[in-house]
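> Sequence:
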Amino acid sequence: MTTELLYEFLQRLTKSEALPLSTIEQLAAWTLADELSAKAFGITPENAIQVLEWRSHLFHTIYPDLIQFCQTKGIKGHSAFLDNLWNLWLPLAMQLANHRQQLERPLIQGILGGQGTGKTTLAAILTLILKHLGYQTLSLSLDDLYKTYPERLALQQQDPRLIWRGPPGTHDIELGIKVLDQLRRQQEKPNLQSEIYNLKSIAVPRFDKSAWGGAGDRAEPEMVENIDIVLFEGWFVGVHPIDPSAFDNPPPPILTADDRTFARDVNAKLQDYLPLWQRLDSLILLLPTDYRLSQQWRRQAEQQMMAKGKSGMSDQTVNLFVEYFWKSIHPELFIQPMARNSNWVDLVVEINRDRSIALVYKPSDRLP
Numbered sequence: 253m254t255t256e257l258l259y260e261f262l263q264r265l266t267k268s269e270a271l272p273l274s275t276i277e278q279l280a281a282w283t284l285a286d287e288l289s290a291k292a293f294g295i296t297p298e299n300a301i302q303v304l305e306w307r308s309h310l311f312h313t314i315y316p317d318l319i320q321f322c323q324t325k326g327i328k329g330h331s332a333f334l335d336n337l338w339n340l341w342l343p344l345a346m347q348l349a350n351h352r353q354q355l356e357r358p359l360i361q362g363i364l365g366g367q368g369t370g371k372t373t374l375a376a377i378l379t380l381i382l383k384h385l386g387y388q389t390l391s392l393s394l395d396d397l398y399k400t401y402p403e404r405l406a407l408q409q410q411d412p413r414l415i416w417r418g419p420p421g422t423h424d425i426e427l428g429i430k431v432l433d434q435l436r437r438q439q440e441k442p443n444l445q446s447e448i449y450n451l452k453s454i455a456v457p458r459f460d461k462s463a464w465g466g467a468g469d470r471a472e473p474e475m476v477e478n479i480d481i482v483l484f485e486g487w488f489v490g491v492h493p494i495d496p497s498a499f500d501n502p503p504p505p506i507l508t509a510d511d512r513t514f515a516r517d518v519n520a521k522l523q524d525y526l527p528l529w530q531r532l533d534s535l536i537l538l539l540p541t542d543y544r545l546s547q548q549w550r551r552q553a554e555q556q557m558m559a560k561g562k563s564g565m566s567d568q569t570v571n572l573f574v575e576y577f578w579k580s581i582h583p584e585l586f587i588q589p590m591a592r593n594s595n596w597v598d599l600v601v602e603i604n605r606d607r608s609i610a611l612v613y614k615p616s617d618r619l620p
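Basically the numbering used here = 1-based index in the sequence shown + 252.
FYI, nobody ran anything at the bench for these hints, they're computed from the structure.
It should be emphasised that the depicted structure is a prediction, and the values quoted were computed from it without experimental measurement.
Glycine included, every Cβ here is placed at the ideal spot set by N, Cα and C.
Treat the hints with care, as some may be off.
DEER-style ranges, computed between Cβ atoms [stated by the list, open to error]:
{"#": "1", "residue 1": "ILE494", "residue 2": "LYS562", "range": "51 to 57 Å"}
{"#": "2", "residue 1": "ALA610", "residue 2": "LYS562", "range": "30 to 36 Å"}
{"#": "3", "residue 1": "GLU260", "residue 2": "LEU405", "range": "56 to 62 Å"}
{"#": "4", "residue 1": "LYS267", "residue 2": "ASN350", "range": "34 to 40 Å"}
{"#": "5", "residue 1": "ASN501", "residue 2": "ILE415", "range": "43 to 49 Å"}
{"#": "6", "residue 1": "PRO589", "residue 2": "GLN408", "range": "28 to 34 Å"}
{"#": "7", "residue 1": "TRP306", "residue 2": "GLY465", "range": "48 to 54 Å"}
{"#": "8", "residue 1": "PRO503", "residue 2": "GLY561", "range": "56 to 62 Å"}
{"#": "9", "residue 1": "GLU256", "residue 2": "LYS562", "range": "33 to 39 Å"}
{"#": "10", "residue 1": "PRO503", "residue 2": "TRP416", "range": "37 to 43 Å"}
{"#": "11", "residue 1": "ASP617", "residue 2": "ALA281", "range": "15 to 21 Å"}
Using the sequences and the hints, build the whole thing.
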């Protein structure tokens, strides 16, 4: 089956046309041909017909709401939208729902991805699909765990290298652990031995990036109840410290002795985040085929904001901004190796330059 034929089938679904069994069989054969993706989503020759019939039904059910969402968010490209919906968003949502059902408690799903990889969009679309499946989902960003503005000012005085918020050390880790523990235990039966039990309402931290002239500060928390699935996303969610010897001959832009010292210091601070990562039940990695695409995508985003009359960073400022984060956690040293580590990452989604999906796989199934 060609991509054009798949698009034709999906177009029929958008018009409320039920697909005949022969078409479902074609879709099954096409899906199984992508062995990595099929294994990642648990699709086998035995269950393919049943899975794709259910996916077709779900596609038809949620399509109008997703179209409205994309129009609201300004997401363009109908063909790419249908492809992502069929090949990633729907099977991933179905997988999360199944995982949640097996756990019999709230699921904490981590999403790791650099700037421009679509973490926020993915979380929003998954939330919409999961609602149709009967699950209440909460999106939580690593940004929501930033320390308060006064705390970060004091931190910057102690370490002037923290010129931007974001690197390890600028987050309230204990707050994150407390909130995730509360969310995980929210639906447990009362346990008088625990300080956290039978919680009806939980205060989830939120961060206002516009406060203090763009420096940002903690906002009023959001009160939530009965959360089934937490989508916890961030640019280094789940990232572990690496061997400090990696900074003896690091890639650019880690160039100077001061750069190497900063990278080693940040690497050491990642150790403090491991208890937070231990609360994750699963981790998805959104991986650009070239990590430098993040810089290009961020420039495009800033240009689009300025075209709408909003404030945005110049291309030069964006380059410096992104390079600052590469100096702290370089994708080549930290992120790319995680795509081959099945102990930390459960699913990898490789993203092309045009933001289309290149590959979807489990690290354990990827050939060296």
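> What hints, given by number in increasing order, does this structure fail?
Hint check: 1, 4, 5, 8 and 10 fail, others pass.
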